[in-house]
Amino acid sequence: MREHDEPKPISATEHRARIGQIDRIARRLGFVGTLEYRHVSSHSGGAQYHIGSSAEHDLLVLYAEGFERDADPADFSLEALIAHECGHQRLIRNRNLRTILAKFPGAQFEEILASLVGSILLAEPESAQTLVWKATAELAELGMSAANTVHFIERLRRLLRHFL
Amino acid sequence: MMGKKKLGAIKAEVAALLGRLPGPTPRAWLGKEIDSAHKDRSRDVETLEMLCAALERAASNGRNPKPRRRPAKR
Chain L
53 MREHDEPKPI
63 SATEHRARIG
73 QIDRIARRLG
83 FVGTLEYRHV
93 SSHSGGAQYH
103 IGSSAEHDLL
113 VLYAEGFERD
123 ADPADFSLEA
133 LIAHECGHQR
143 LIRNRNLRTI
153 LAKFPGAQFE
163 EILASLVGSI
173 LLAEPESAQT
183 LVWKATAELA
193 ELGMSAANTV
203 HFIERLRRLL
213 RHFL
Chain E
25 MMGKKKLGAI
35 KAEVAALLGR
45 LPGPTPRAWL
55 GKEIDSAHKD
65 RSRDVETLEM
75 LCAALERAAS
85 NGRNPKPRRR
95 PAKR
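Protein chains in written order, with the numbering used here: chain L, 53 to 216; chain E, 25 to 98.
It should be emphasised that the hints constitute simulated quantities derived from the structure, not laboratory data. Computed from a predicted model, the values in this text were never measured in an experiment. One should not assume that every hint holds.
[To be verified] Derived pair list, reagent style BS3-like, types lysine-lysine, alpha-carbon separation capped at 30 Å: (1) E:K29 / L:K155; (2) L:K60 / E:K63; (3) E:K63 / L:K155; (4) L:K60 / E:K30; (5) E:K56 / L:K60; (6) L:K155 / E:K28; (7) E:K30 / L:K155.
[As the list claims (entries may be wrong)] Derived coverage of chain E by chain L (criterion: at least 3 residues anywhere in the stretch with Cβ under 8 Å from a Cβ of chain L; other residues may be distant): (8) 39 to 47; (9) 57 to 68; (10) 75 to 81.
[What the hints assert, rightly or not] Not everything, but these chain L residues come out facing chain E in the computed CB check (under 7 Å): (11) S93; (12) S96; (13) A99; (14) I103; (15) A126; (16) D127; (17) H136; (18) K155; (19) G158; (20) E162; (21) A189; (22) R210.
A virtual CB, placed ideally from N, CA and C, is assigned to each residue, including glycine.
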């Protein structure tokens with residue numbers, strides 16, 4: 053899909069199948085709240101978590117891009133995309149994880165932590181490791197040495213797993 | 025939000041980062057860390073192995089494509 057292009061139309065059956073797939077993955081990963089599929093381009097990566105007034109009112113939206121990325125062998129799987137957004141929900145809704153999040157303020161760190169939480173939620177190691185790689189690349193952008201980045205990712209992931 | 029960066033680009037960045045690890049080779053440094061983590065319960069072997077996999081994927085130069093999942097049940 054080119055930038056600003058809308059996705060090709062899909063049948064009602066395919067639309068229902070996509071909703072079912074999102075629902076199965078997100079519920080398996082422990083998402084609480086409303087799930088939506090919007091067959092439009094988000095230009096934001098394919099999935100988005102929206103905080104509600106409570107966990108039950110949280111919203112996870114998957115966009116057409118999410119499925120296009122999943123179909124691309126050089127891109128993230130749908131499981132990884134959804135797990136990352138579920139990671140955001142856990143960071144907001146789990147009191148212990150919220151404490152960790154508070155120690156690392158800033159949107160960039162929240163993205164790193166969401167990927168690491170998502171990687172722990174995923175039982176499937178192939179998709180899980182892609183989220184660890186994403187978090188590692190984003191942490192490296194902060195200018196740490198390679199060895200420190202590896203050690204920090206290792207410690208963060210262990211800490212998050214302890215509280216999940 | 026996942027961001028728009030493709031996994032392929034992220035893999036390349038991680039491989040470049042790991043290429044800067046100290047020691048004779050990045051694989052040797054990670055191997056030592058994994059050995060050390062196996063003996064220390066406060067370490068996380070799985071995370072280190074996942075990073076090591078990034079190096080190995082880079083070495084195999086994309087010969088291991090993302091595994092395809094089963095199509096959705098309808």
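Outcome of the hint check:
no. : hint           : verdict
1   : E:K29 / L:K155 : holds (26 Å)
2   : L:K60 / E:K63  : violated (53 Å)
3   : E:K63 / L:K155 : holds (29 Å)
4   : L:K60 / E:K30  : holds (21 Å)
5   : E:K56 / L:K60  : violated (50 Å)
6   : L:K155 / E:K28 : holds (26 Å)
7   : E:K30 / L:K155 : holds (29 Å)
8   : 39 to 47       : holds (count 6)
9   : 57 to 68       : holds (count 5)
10  : 75 to 81       : holds (count 3)
11  : S93            : violated (11 Å)
12  : S96            : holds (5 Å)
13  : A99            : holds (6 Å)
14  : I103           : violated (13 Å)
15  : A126           : holds (4 Å)
16  : D127           : holds (5 Å)
17  : H136           : holds (5 Å)
18  : K155           : violated (18 Å)
19  : G158           : violated (14 Å)
20  : E162           : violated (10 Å)
21  : A189           : holds (4 Å)
22  : R210           : holds (4 Å)
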